[in-house]
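Undergrad: Using the sequences and the hints, build the whole thing.
2 protein chains.
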Amino acid sequence: MTTVAAYAAPAAKAPLERTTIERRPVGENDVLIEIKFAGICHSDIHQAREGWGEAMFPMVPGHEIAGIVTEAGPGVTKFAVGDRVGVGCMVDSCRECENCKAGLEQYCTQGNVGTYNALDKNGEPTYGGYSTHIVVDEAFTVRIPDGLALDEAAPLLCAGITTYSPLKHWNAGPGKKVAILGMGGLGHMGVKIAHALGAEVTVLSQSLRKKDDGLKLGADHYYATSDPKTFEELRGSFDLILSTVSAPLDLDAFLSLLRMDGAFVNVGAPEEPVSLNLFSVIGGRKTLAGSGIGGIQETQEMLDFCAEHGFGAEIELISAAEINEAYERVLSSDVRYRFVIDTATI
Amino acid sequence: MTTVAAYAAPAAKAPLERTTIERRPVGENDVLIEIKFAGICHSDIHQAREGWGEAMFPMVPGHEIAGIVTEAGPGVTKFAVGDRVGVGCMVDSCRECENCKAGLEQYCTQGNVGTYNALDKNGEPTYGGYSTHIVVDEAFTVRIPDGLALDEAAPLLCAGITTYSPLKHWNAGPGKKVAILGMGGLGHMGVKIAHALGAEVTVLSQSLRKKDDGLKLGADHYYATSDPKTFEELRGSFDLILSTVSAPLDLDAFLSLLRMDGAFVNVGAPEEPVSLNLFSVIGGRKTLAGSGIGGIQETQEMLDFCAEHGFGAEIELISAAEINEAYERVLSSDVRYRFVIDTATI
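Those protein sequences? They're chains A and B, same order as listed. Take the working numbering: the last position of the first sequence gets the number 404, and nothing is skipped along the way. Take the working numbering: the last position of the second sequence gets the number 404, and nothing is skipped along the way.
Read the hints as simulated data drawn from the structure, not as lab findings. Predicted model only: the values in this text are computed from it and were never measured. Hints may contain errors.
Note that identical chains are pooled: a pair holds if it fits in a single copy or bridges any two copies.
Unchecked claim - Below, computed lysine-lysine pairings styled on DSBU-like, alpha-carbon distance capped at 35 Å:
1. 136 - 226
2. 226 - 159
3. 287 - 179
4. 234 - 71
5. 159 - 234
6. 234 - 287
7. 71 - 269
TA: Here it is in structure tokens:
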């Protein structure tokens, strides 16, 4: 066991504070990663504040991890000391179910092991990326291509793959009209990725406050959802709406923006149930769907795709001491577009 | 104009009574159909009682029409006097939008013209099948194959196509596990069609009351949704659940019965909005979708499919005087499985 520094929430809704945690010894197939950067995801806040249900404390959040391999177990074949690597939302899965075998570890029928706020196969709590080091099985570690800066790559491990996977699955590409709902951490990656995939991209954001950014990142159009005219003008427009918002939505209104056979795909998740008139999906044979992160192989594909297209996330680099303030700013949508913790400051 | 006998609701929620209505002259592309049988669909009741919103009265319901062509306009090419034909839920559409051109008239972007409770292109109200005759454009008329009895064919025009279309669209077939939710007029057709398509079919019904029938119609398994153990035992089982019920449902519970990438498709439509936890679709990348009837060409395909497999609907033939009583029995799920009006009794 190795004692390492971390930032943890000691209890639900409590401010995060510096502490130390134990990391397991480097096992046969493990890599020890010196974490360089960790992104702050809205779901870190949901979990630290028990918005999604009871959680485990102390909690070290962080599932957007970028760093350098500093030690590799004897059985490790994919990575060597010095490699630039990333870890996302999960650090293990059953590896035997049909989903795991299909590279869809995120949908492991036994439940994957979350990077934090979870118990690993030995029943030990997992601790996330707001920390100086982490030990992870190489099977759940991905390579960060040289073309990507580590700080801008960190948010790709959640915000990148969470948008890339459904955009690919629902065939965003040339000839397709794709709307990205929400222009935050996930949304801004959705814009970049959908544009790079060749789709015609529209941002649907509460206001036009971030319009210039949206167009710069690749959006073709930008509309405010606070303007009722948006819903008249865009009625029946989209093949795909990717919703990155975790606030409650008027789903019926958004479903009316889809074309025949269109899909409204949720990657954001409100804490409360939503209301829906089923006629909204019956007319036009529409789909309301959801998607959660992506598999390990697909995460690697996404990183390679981003490197090839020359973009990471748009970030605001902060010190560990600023985490609690950053949480408040995330909750008030005051971040462009992802806070990334410089873990050297922990 | 021709005066013909019909059963109509004079006002919302009023009992249906015998009356006469005017049918338009047989136009260039019209056929005059002597209606032999008309099915009673749950949506007739929804509309006659304004459960789905304001409606037009007097209302002659009926969109499951089977009869014989007795006159054909000079431009008619598909049908001749004496032909056995059917008319379903729509009698016209714009015929120019991309959906109409794709044979998806049911999703006409201008809105199709309903067989009743609608205005036709001349602004005249449409009247449905609880009547002795109807005049319909041949483009919205389909042929009933000789192998199908007209009374058992009538319900196929709505209950048949409404289940056939989504079962085909969501690839029900060999190797697929399909659940049919609800064992009523639509549900019993869903069972027959899904079985004929080669899927492994499970009925999910409130009770086991109709189990023998379900198995006889082609179901492989039959479960009661009133039994909580059903939800434990079938968790993660189905590729497709076709919901034919129009009562409010615990959608989250039913979504938990889907496998990875599974779809819960609504063809029934509750009058009230439903509640949904979006995590129910995010986990397992699931789909909540809807489907409405089917296109004209697909309706013909469905009739041919049913004839080829040797089945129509299971019906209870009634006289016109029994319509109001039949409505009450539909509402209490006391019909096996579709009431069909012998229009000779009007």
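Undergrad: Can you name, in rising order, the numbers of the hints this structure does not satisfy?
TA: When the structure is compared with the hints, only number 4 turns out to be violated.
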